[in-house]
Structures are given as structure tokens and as C-alpha cells.
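Undergrad: Heads up: the protein sequence lines correspond to chains A and B, in order. Following the UniProt record's numbering, the numbering of the first sequence begins with 1 at its first residue and continues without gaps. Following the UniProt record's numbering, the numbering of the second sequence begins with 1 at its first residue and continues without gaps.
The hints are simulated quantities; they were obtained by calculation from the structure and are not laboratory data. Be aware that a few hints might be false.
If several chains are the same, the list does not tell them apart, and a pair holds so long as it fits within one copy or across any two.
Quick list of in silico lysine-lysine cross-link-like pairs, BS3-like style, CA-CA up to 27 Å [as the list claims (entries may be wrong)]:
1. K77 with K47
2. K197 with K77
3. K47 with K135
4. K121 with K135
Listed here are the chains, written in short residue letters.
2 protein chains.
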Amino acid sequence: MTMTLYCFGESGNAYKVALMLSVASQDWQPRYVDFFNGEARGEAFRKLNPMGEVPVLVDGDEVLTQSGNILYHLVGKTERFGGSTPTAQKEVWRWVLWDNHKLSGQAGTCRFLMNFLPAEKRPEGVIPFLQGRLKAAYTVLNDHLATRDWVAYDEPTVADFSCCGYLYYPEPFGFVRADWPHIDRWLDRVAALPGWKHPYDLMPGSPADRTGGK
Amino acid sequence: MTMTLYCFGESGNAYKVALMLSVASQDWQPRYVDFFNGEARGEAFRKLNPMGEVPVLVDGDEVLTQSGNILYHLVGKTERFGGSTPTAQKEVWRWVLWDNHKLSGQAGTCRFLMNFLPAEKRPEGVIPFLQGRLKAAYTVLNDHLATRDWVAYDEPTVADFSCCGYLYYPEPFGFVRADWPHIDRWLDRVAALPGWKHPYDLMPGSPADRTGGK
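Isolated chain A (complex conformation) (with noise of 0.2 Å):
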């Protein structure tokens, strides 16, 4: 049965999940929030997930929330991308975690506020206070990746689908690639898996739809 991600294309953390489900070349079709005119926090969305929060995965009987949650779900239904020992998941879900608290959960915050939020609406102070935590976190991630291909594993897992969430974006937030050797390498990798699409090829909705050019 064919699978329904409700999405919309400058969310990173929908990315992670859709950019999974094209990898892995499985059934499914987005289907597109509306997010900047008030959807994800409406009524009608709030009753298939109360978090008010993108992405939403249906699956069958299955309503499945938190972009790591869903790539937990979809590494056991495809058994692929998940590490395959028992200490090979655990790293996974170390740095799955890892980028939902230091990096992912920062950058989306940040890249919201620096291009999506009126300039009289952001507040004072608060993008540059995290930039400074996401230098932290791209030094973390760069120098971790010195050494090795892959976020967790030998071989790409979900830990690399979501730690690239926000990193392909053209938006400016503080992130240049430049600045970051081992992540530039690595996100060359990511992009070159079978499957591998931008965010606005994979996802309806993106800037440039809502300033009618593109």
C-alpha cells in the first residue's frame, strides 16, 4: 500500500524522511502542508498529530510522527539503512538523537527565523546565539567525519539521512559548506547514493513557488 508523507519542502526534518523513502525505493507519495498560512497548527492536522509538527507518516493503520520515530519504523519495515549489528544501531541512534537536539533542531530554529520570518518579526539576539551553537555542532560532525565516509557505520544509514536534513538548502543560515571540508566530502557522498533528490525535487512547496518565480 502506498505510503503518504505529509510534507512540504523546505522542512528538513520531512527531508530526512522522504529522502530515506526515495533511497530506499519504496511506495509512497508526498503530500504537501501548507505550512506557512497557519496548517500545521490547525484543527484539522492537530487530530493526525498533536505535536503540530511536519513530517507525518502514514503507513497503512499506522500514523507515525518525529522524523527519527519514522526512520526507526521504515529501517524495520525495509531493513535497510539501519546498521546491522546491535552496536552498529546503537551508533545510529546516537547521532540520529544527537542531530535532533544539537543540529537539526538548531538549524531548522535558525534558517526559520533568518528566511522565513518577517526581518520586524525576528527576534533580537537569538540568530546569532544559534549559530554559535550550530559552529559547535558542525565542528563536532566535520571533525567526526575526518576519518570516516559515513555518520555511524560503514555503510550509509539513517543517521546520514538525518543529519543532512537542513544541508542541502540554498537559504543562507550560517552554514557554508566551504567552511567545512569533511562535510562538503560527505554530503558529495549522501547526494551520490541511487535515489539521492534536493529537497524541492522531492517534496512539493518552496520558495519559489510562493514568490511565483522558480
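Given chain A, put chain B in place with the hints provided.
TA: Relative to the frame of chain A, chain B by itself:
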């Protein structure tokens, strides 16, 4: 073999693990990390955990980091507090991830800025921003607990231990139990579990130690 938890009393993320170890009657000992004098960011500690973060659990040959990942390990080891069905297990991980991203991830930072950083170093505007995000998280959790006793299942799980990580501390960071009655009663239920202890009674280190009081 006795497990060692690298921790300090003020860390709500370490508390999540210490609480699980205590409630599940495990053989463990705390090893104090002098976070406020930089030990977690020092070279020796980074050899143990390159992420430079507490908690770290050493269990025999395994060195585990990220509270959610350590809880996952302990669920496997103890066969307790993980939810008893595959659906419940996913619900547990959904809430552990949500907590890392939306609740503890913000609360830990806000509490640090408000209580452990000298006033002149506090970044302007960040505390109200974090408190706004936290209010949205408290609302989700409080509404969720209006009709249920435990966060993820019909009995306590590590989702409860994760979500309560920062909510028993006395230092102010904008969370007032009386404002959130369903969270308040759930915290009483968690505190009534055999083996429950307050973070400052379960791990070495508290603000009182540093000021000479207690």
C-alpha cells in the same frame, strides 16, 4: 558488572538515565563530571565522548552517549520501561525524540542561561525566545496528559523519564508546575515510582555545593 554514569546533578539529560537506573534497580555508580569548570569540553573527556556531552554510560565494553540512546540500551538490557508492543515502542521513541527536540533541548539551555551563566554574559533576547518555544511544548504535553496517566503507554516508560528530565529542578527557568495541572499530577505519579529520587539526591553536584550551602 557495575555500570558507570558520567554525570552531574544539574544535568537533566543525565538525570533521565540516573532515574531509569534507579527505578529499574540497576547496579551503577555515578562519576562526577565537573561541567562548570569545563571538564566535558576537555581533551580527556572528548576521548570518551567526542560530542563533549554528559551523560555517558559505560557498561562493560560499551560506551554509550545521548540520553535517548542510553535509555534505548537500558530498555534492551532490563526489558523494562520500553512499552510492551511494537506500536507502544514507537510511541515511546516518538516522545523521547520530541522531548530531545522540543522540551529538554530548550529547557536545558534556558535553565543554563538563567541560572548558571553570569548575568552579564546572558545573550539579549534569547531567554524570552526559548520560553516562548517552551510554552508551546508545555501546552502539547499538558494537553496530552489530560486524558492519560503516562506519556507513551498505559504504564511508565522511558518516555516519562525523558520528558521529566528538567521538570523537578528548583531553579527558575519559566516552568511553574501550578500553571500546568496535568503535567503537575503526572510529575507526582513519576515521583511515586519505587526508586524515584530527586536529581540532586541521585547524582553528585548541585548549585548548593558550589556556593558552600546545603
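Undergrad: Tell me the numbers of any earlier hints that the structure contravenes, in ascending order.
TA: none
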